[in-house]
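Chain A is fixed; fit chain B onto it per the hints.
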Amino acid sequence: MSSTEEETLMTLPKKKFKILNLLWIILFVVGLVVSTKVTKTSLGALFANFGQFADIFLQMLHPNWSYLGAVIPLILETIKMAILGTVIGSILAFVYSLLIARNIVKNKAVTGILRVIMNIIRTVPDLLLGAIFVAIVGIGPVAGILALAICTFGIVVKLFYEAIETIDPGPIEALTAVGANKLQIIVFAVLPQVMTYFISYCLYAFEINVRASTVLGYIGAGGIGLYLQETLQVFDYPKTGTIIIAIILVVVLIDYVSSKSREALMK
Amino acid sequence: MDTSMKKLPPKPVDQKKRVAHWALAIVTILLIVWSCTGIDFGGIKQTAGQIAGAIFSGIFHPDWSYVYNGTGEDLVSQLWDTVCIAFLGTFISAIISLPFAFWAAHTRHKKWYVSRVGKIVLAIIRSFPEIVLALMFIKAVGPGSAAGVLALGFHSVGMLAKLFSEAIENLEDGPNEAVTAAGGSKTNVVMFSILPNLLPALISNTLYRFDVSIRSASVLGLVGAGGIGYPLIIALQYRQWNRVGIILLGIIIMVIVIDWISGWIRKKLV
Numbered sequence: 001m002s003s004t005e006e007e008t009l010m011t012l013p014k015k016k017f018k019i020l021n022l023l024w025i026i027l028f029v030v031g032l033v034v035s036t037k038v039t040k041t042s043l044g045a046l047f048a049n050f051g052q053f054a055d056i057f058l059q060m061l062h063p064n065w066s067y068l069g070a071v072i073p074l075i076l077e078t079i080k081m082a083i084l085g086t087v088i089g090s091i092l093a094f095v096y097s098l099l100i101a102r103n104i105v106k107n108k109a110v111t112g113i114l115r116v117i118m119n120i121i122r123t124v125p126d127l128l129l130g131a132i133f134v135a136i137v138g139i140g141p142v143a144g145i146l147a148l149a150i151c152t153f154g155i156v157v158k159l160f161y162e163a164i165e166t167i168d169p170g171p172i173e174a175l176t177a178v179g180a181n182k183l184q185i186i187v188f189a190v191l192p193q194v195m196t197y198f199i200s201y202c203l204y205a206f207e208i209n210v211r212a213s214t215v216l217g218y219i220g221a222g223g224i225g226l227y228l229q230e231t232l233q234v235f236d237y238p239k240t241g242t243i244i245i246a247i248i249l250v251v252v253l254i255d256y257v258s259s260k261s262r263e264a265l266m267k
Numbered sequence: 001m002d003t004s005m006k007k008l009p010p011k012p013v014d015q016k017k018r019v020a021h022w023a024l025a026i027v028t029i030l031l032i033v034w035s036c037t038g039i040d041f042g043g044i045k046q047t048a049g050q051i052a053g054a055i056f057s058g059i060f061h062p063d064w065s066y067v068y069n070g071t072g073e074d075l076v077s078q079l080w081d082t083v084c085i086a087f088l089g090t091f092i093s094a095i096i097s098l099p100f101a102f103w104a105a106h107t108r109h110k111k112w113y114v115s116r117v118g119k120i121v122l123a124i125i126r127s128f129p130e131i132v133l134a135l136m137f138i139k140a141v142g143p144g145s146a147a148g149v150l151a152l153g154f155h156s157v158g159m160l161a162k163l164f165s166e167a168i169e170n171l172e173d174g175p176n177e178a179v180t181a182a183g184g185s186k187t188n189v190v191m192f193s194i195l196p197n198l199l200p201a202l203i204s205n206t207l208y209r210f211d212v213s214i215r216s217a218s219v220l221g222l223v224g225a226g227g228i229g230y231p232l233i234i235a236l237q238y239r240q241w242n243r244v245g246i247i248l249l250g251i252i253i254m255v256i257v258i259d260w261i262s263g264w265i266r267k268k269l270v
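Top line first, the protein sequences correspond to chains A and B. So in this note's numbering, spot 260 of the first sequence is number 260, and the numbers just go up one at a time. So in this note's numbering, spot 57 of the second sequence is number 57, and the numbers just go up one at a time.
Next comes chain A alone, as it looks inside the complex (with noise of 0.2 Å):
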């Protein structure tokens, strides 16, 4: 064996060079450069004034326990929040998920559309609709509540219609075949495929409720919140502390139930 075809074999082949992975690191690249500019981030600022963020952390660290009276009634209003419009949210997600799903409405122009509306109700994050909602009914948790009912909706239907879409057919045509109606092939047929799935999305988006309902309050609309903005409003970092380890309690009590209860559920 010559010597030179012997190096060729020690070394590893040369990747081929592709000018579009270039063209995408530069893209990505030139996305920092601006999106720093425009932010106006500096890391120097955060390391210059870190002094005061830690200061404010570690008061949060020493919290006033002496609040956890007033705290645990507004946790408990925020869970109900939570839980309500979850119930209104999945419950019209249920009935919009058996209307856009291509395998019991077969027209395409109501499925259309019915989606596009879908699709756009589920672009607008949880806090807007909160604030616009807090404008439409006034101050208080049933804003909140209605905020929470169109997010559930626009993350059930999405899950839901996609299971609903994927299930067996076999039993809709063996239904069809023996004369029966749309309500009966429903019941019959779609849901004993698909209860637990949707069952599993209701608690999905009530662990993402829970989360979302601790700072509703913040912008008005019931709940926890509402302390929230009210001790960081006077600098009582110690009572925003208390609140922030409640919230942290609850929320990691509730998705740990809940995501366990969906994995006994799925088996």
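Hint data in this document are derived by calculation from the structure and do not stem from the laboratory. Where hints are given, some of them may not hold.
Claimed, not checked - For lysine-lysine, the following DSBU-like pairs were computed, each having C-alpha atoms within a straight-line distance of at most 35 Å:
1) A/Lys260 with B/Lys110
2) A/Lys260 with A/Lys158
3) A/Lys267 with B/Lys268
4) B/Lys45 with A/Lys267
5) A/Lys106 with A/Lys267
6) A/Lys40 with B/Lys268
7) A/Lys182 with B/Lys16
8) B/Lys268 with A/Lys106
9) B/Lys186 with B/Lys111
10) A/Lys182 with B/Lys11
11) A/Lys158 with A/Lys108
12) A/Lys158 with B/Lys6
13) A/Lys158 with B/Lys268
14) B/Lys16 with A/Lys260
15) A/Lys106 with A/Lys158
16) A/Lys158 with B/Lys16
17) B/Lys6 with B/Lys16
18) B/Lys45 with A/Lys158
19) A/Lys106 with B/Lys6
20) B/Lys110 with B/Lys186
21) A/Lys106 with A/Lys40
22) A/Lys106 with B/Lys11
23) B/Lys119 with A/Lys40
24) B/Lys267 with B/Lys110
25) B/Lys11 with A/Lys260
26) B/Lys110 with A/Lys158
27) A/Lys267 with B/Lys119
28) A/Lys37 with A/Lys18
29) A/Lys18 with B/Lys268
30) B/Lys17 with B/Lys7
31) B/Lys119 with B/Lys267
32) B/Lys7 with B/Lys111
33) A/Lys182 with B/Lys6
34) B/Lys267 with A/Lys106
35) B/Lys186 with A/Lys18
36) B/Lys267 with B/Lys186
Unchecked claim - Pairwise CB distance ranges (calculated):
37) B/Leu269 with A/Ala109: 27 to 35 Å
38) B/Gly70 with A/Asp236: 36 to 44 Å
39) B/Gly174 with A/Ala177: 46 to 54 Å
40) B/Ile261 with A/Val252: 32 to 40 Å
For every residue, glycine included, the Cβ atom is placed at its ideal position computed from N, Cα and C.
Here is chain B on its own, set in the frame of chain A:
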């Protein structure tokens, strides 16, 4: 005539399962009933229908003059601001997420409690309200987009590192062993086996997070951390429904376009 063929056999009944299902249903209903108590449904404003109508007509008669007027306070520049906040915030969080992800990933080479602690830390970061984080950064760097970038960057770590760690857990050991068997060092294992196998998942998760960040960035303005949220809340307070309409339209279009682009890139990647 033999009628036995016309009757279906009785459904098999699992008594235990049935009891469990009923118990769960009752608990759920009780929870829902409990949530209805103590919430004041009577507090709805009399003008609710009117305002909802005004916002709706605002969406269909938007304030076009606000779209672009060159002052830097118009819709296009605020939306651009929002996109930049989300982009930079996601980038920062992707970098911070990497070490956290390796910490929280449950692999064979680690004691179980190490990854468990990492997972708990990530859960706490995820649950820390983003708005509070934004306010803390406003204290540090002043109000504006920079606070939004930092808040997003740190908050997203909770979710992104979780996704990353799941990607790491799903890695197969084969390629690592192959590199080691061929005489590769630890760095070679990382360079030639772990990174190439991990990168597509990392990029795809980061893009997904970018979609979420766009929505978050448009909310952070509500507390003064830059982006489109601030003009929206001002327009709501001053009851400029036409402006609310155009801002909502802008947000909807921005989110749809970004979702579409990132979906396209993700599809090309896989």
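Here is how each hint holds up against the structure:
no., hint, in the structure
1, A/Lys260 with B/Lys110, "holds (24 Å)"
2, A/Lys260 with A/Lys158, "holds (22 Å)"
3, A/Lys267 with B/Lys268, "holds (33 Å)"
4, B/Lys45 with A/Lys267, "violated (46 Å)"
5, A/Lys106 with A/Lys267, "holds (32 Å)"
6, A/Lys40 with B/Lys268, "holds (32 Å)"
7, A/Lys182 with B/Lys16, "holds (33 Å)"
8, B/Lys268 with A/Lys106, "holds (31 Å)"
9, B/Lys186 with B/Lys111, "holds (20 Å)"
10, A/Lys182 with B/Lys11, "holds (24 Å)"
11, A/Lys158 with A/Lys108, "holds (17 Å)"
12, A/Lys158 with B/Lys6, "violated (41 Å)"
13, A/Lys158 with B/Lys268, "holds (23 Å)"
14, B/Lys16 with A/Lys260, "holds (20 Å)"
15, A/Lys106 with A/Lys158, "holds (18 Å)"
16, A/Lys158 with B/Lys16, "holds (34 Å)"
17, B/Lys6 with B/Lys16, "holds (30 Å)"
18, B/Lys45 with A/Lys158, "holds (32 Å)"
19, A/Lys106 with B/Lys6, "holds (33 Å)"
20, B/Lys110 with B/Lys186, "holds (16 Å)"
21, A/Lys106 with A/Lys40, "violated (52 Å)"
22, A/Lys106 with B/Lys11, "holds (32 Å)"
23, B/Lys119 with A/Lys40, "holds (33 Å)"
24, B/Lys267 with B/Lys110, "holds (34 Å)"
25, B/Lys11 with A/Lys260, "holds (30 Å)"
26, B/Lys110 with A/Lys158, "violated (38 Å)"
27, A/Lys267 with B/Lys119, "holds (23 Å)"
28, A/Lys37 with A/Lys18, "holds (29 Å)"
29, A/Lys18 with B/Lys268, "holds (15 Å)"
30, B/Lys17 with B/Lys7, "holds (25 Å)"
31, B/Lys119 with B/Lys267, "holds (29 Å)"
32, B/Lys7 with B/Lys111, "violated (59 Å)"
33, A/Lys182 with B/Lys6, "holds (24 Å)"
34, B/Lys267 with A/Lys106, "holds (28 Å)"
35, B/Lys186 with A/Lys18, "holds (28 Å)"
36, B/Lys267 with B/Lys186, "holds (32 Å)"
37, B/Leu269 with A/Ala109: 27 to 35 Å, "holds (34 Å)"
38, B/Gly70 with A/Asp236: 36 to 44 Å, "holds (42 Å)"
39, B/Gly174 with A/Ala177: 46 to 54 Å, "holds (49 Å)"
40, B/Ile261 with A/Val252: 32 to 40 Å, "holds (34 Å)"
Violation of the numbered hints given earlier is confined to hints 4, 12, 21, 26 and 32; the remaining hints are satisfied by the structure.
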